[in-house]
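Asks: Each chain, letter by letter, is given below.
Protein chains: 2
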Amino acid sequence: MSDSSHLDRMQRKKEVIDERIARASEERGVLILLKGNGKGKSSSAFGTLARSLGHGQKGAVIQFIKGRRETGEYLFFRDHPQLDWHIMGQGFTWETQDRQRDIEAAEAAWEIARGLLEDPAYNVIVLDEMSYMFKYDYLDTAPIVEALLRRPAHQNVIITGRTMALPLQEIADTISTVQDDRHAFRNGVKAQAGIEY
Amino acid sequence: MSDSSHLDRMQRKKEVIDERIARASEERGVLILLKGNGKGKSSSAFGTLARSLGHGQKGAVIQFIKGRRETGEYLFFRDHPQLDWHIMGQGFTWETQDRQRDIEAAEAAWEIARGLLEDPAYNVIVLDEMSYMFKYDYLDTAPIVEALLRRPAHQNVIITGRTMALPLQEIADTISTVQDDRHAFRNGVKAQAGIEY
Numbered sequence: 001m002s003d004s005s006h007l008d009r010m011q012r013k014k015e016v017i018d019e020r021i022a023r024a025s026e027e028r029g030v031l032i033l034l035k036g037n038g039k040g041k042s043s044s045a046f047g048t049l050a051r052s053l054g055h056g057q058k059g060a061v062i063q064f065i066k067g068r069r070e071t072g073e074y075l076f077f078r079d080h081p082q083l084d085w086h087i088m089g090q091g092f093t094w095e096t097q098d099r100q101r102d103i104e105a106a107e108a109a110w111e112i113a114r115g116l117l118e119d120p121a122y123n124v125i126v127l128d129e130m131s132y133m134f135k136y137d138y139l140d141t142a143p144i145v146e147a148l149l150r151r152p153a154h155q156n157v158i159i160t161g162r163t164m165a166l167p168l169q170e171i172a173d174t175i176s177t178v179q180d181d182r183h184a185f186r187n188g189v190k191a192q193a194g195i196e197y
Numbered sequence: 001m002s003d004s005s006h007l008d009r010m011q012r013k014k015e016v017i018d019e020r021i022a023r024a025s026e027e028r029g030v031l032i033l034l035k036g037n038g039k040g041k042s043s044s045a046f047g048t049l050a051r052s053l054g055h056g057q058k059g060a061v062i063q064f065i066k067g068r069r070e071t072g073e074y075l076f077f078r079d080h081p082q083l084d085w086h087i088m089g090q091g092f093t094w095e096t097q098d099r100q101r102d103i104e105a106a107e108a109a110w111e112i113a114r115g116l117l118e119d120p121a122y123n124v125i126v127l128d129e130m131s132y133m134f135k136y137d138y139l140d141t142a143p144i145v146e147a148l149l150r151r152p153a154h155q156n157v158i159i160t161g162r163t164m165a166l167p168l169q170e171i172a173d174t175i176s177t178v179q180d181d182r183h184a185f186r187n188g189v190k191a192q193a194g195i196e197y
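Chains as they are written, first to last, in our numbering: chain C, 1 to 197; chain L, 1 to 197.
Just so you know, the hints here were simulated from the structure itself, not pulled from any lab data. It is possible that some hints are incorrect.
No copy is singled out in the list; a pair is fine if it fits within one copy or between any two copies.
Here are the simulated DSSO-like pairs of lysine-lysine, each with C-alpha atoms no more than 27 Å apart in a straight line [as the list claims (entries may be wrong)]:
1. 66 x 190
2. 14 x 190
3. 13 x 58
4. 135 x 66
5. 58 x 135
6. 13 x 66
7. 190 x 58
Since the structure is predicted, the reported quantities are computational estimates derived from the model, not experimental observations.
Please take these sequences and the hints and turn them into a complete structure.
Replies: See below:
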């Protein structure tokens, strides 16, 4: 491509993008859903959290499934003064194999989430792997949708998990589906510290 | 679902998953590509970086497009002792509108990346928005594929960007495509600190 046709193309692109930016003028917190089978949903939520903390905002994470305290994300973030990190899960549901225990853990996690969603001090709340709570009927969506709709106007919420309940999709501002095009695990590479946990 | 059918289902699931884990026994660094139009690619890379740093690993980030130093991710990570952060871009290409300047910035960024890909001290390297360098023909893929293949065996590399050059896809271990199902921006919500930057 010549320098001048590049310039033409980029000038047109800049006009379109500048116009879109001018139209997007509303300032408010958003509900972001990160779903799908691909790698990168929870890590995306943690990256956004880092971004928020970088701006001096206050955040919270509730892990609905993970029960381990040796993950890199927890080791990295746990001492941050502007962040609460709640590990509420008892492990993956096929590890616990105990439906009643899972339901109790889910309800305890939701009680904490409910409090955060009423607290204007929190700018960003990550509900990590919450979607499994609906898939396995551990939690009802109705009270959760209600709490999300009533939350402080500036508060951002990120929910992750493979399959996302439809009532959450109906009220979300941003939805990304992470497609699993390829995964090293299927080619025999072991889950490793820093990448998978 | 009854507790006993839940237990059956979870026991079968555990068997399948345990077998898969046993088969995945290779330990080595992986090349991860995060592509697609949806929100969450760079933030996923930064989240994985946090995870790696949490395990005491050493990391580096090269931002090929972004030129600003006021992003939340930079403010958050810049002082970490185990991390180098290089902001090499001059802004988005439709902002600079100068093809020669963009090419020079791309080449300078690649020179730094090449050095990191030869250095076994680095466990994880994020090449943020590098894919645009190929889309606009600012860089050739051949020397980059070669450097990636020759890198230290334990080194993880994450490359982000909307469209990913095919030669990179051919050698990648993990590829996730982030689909844009919905974006708050299109519904008039302004890009905001902590979420978009």
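Asks: Going through the numbered hints above, which ones does this structure break? Give me the numbers in ascending order.
Replies: Going through the list in order, the structure violates hints 3, 5 and respects the others.
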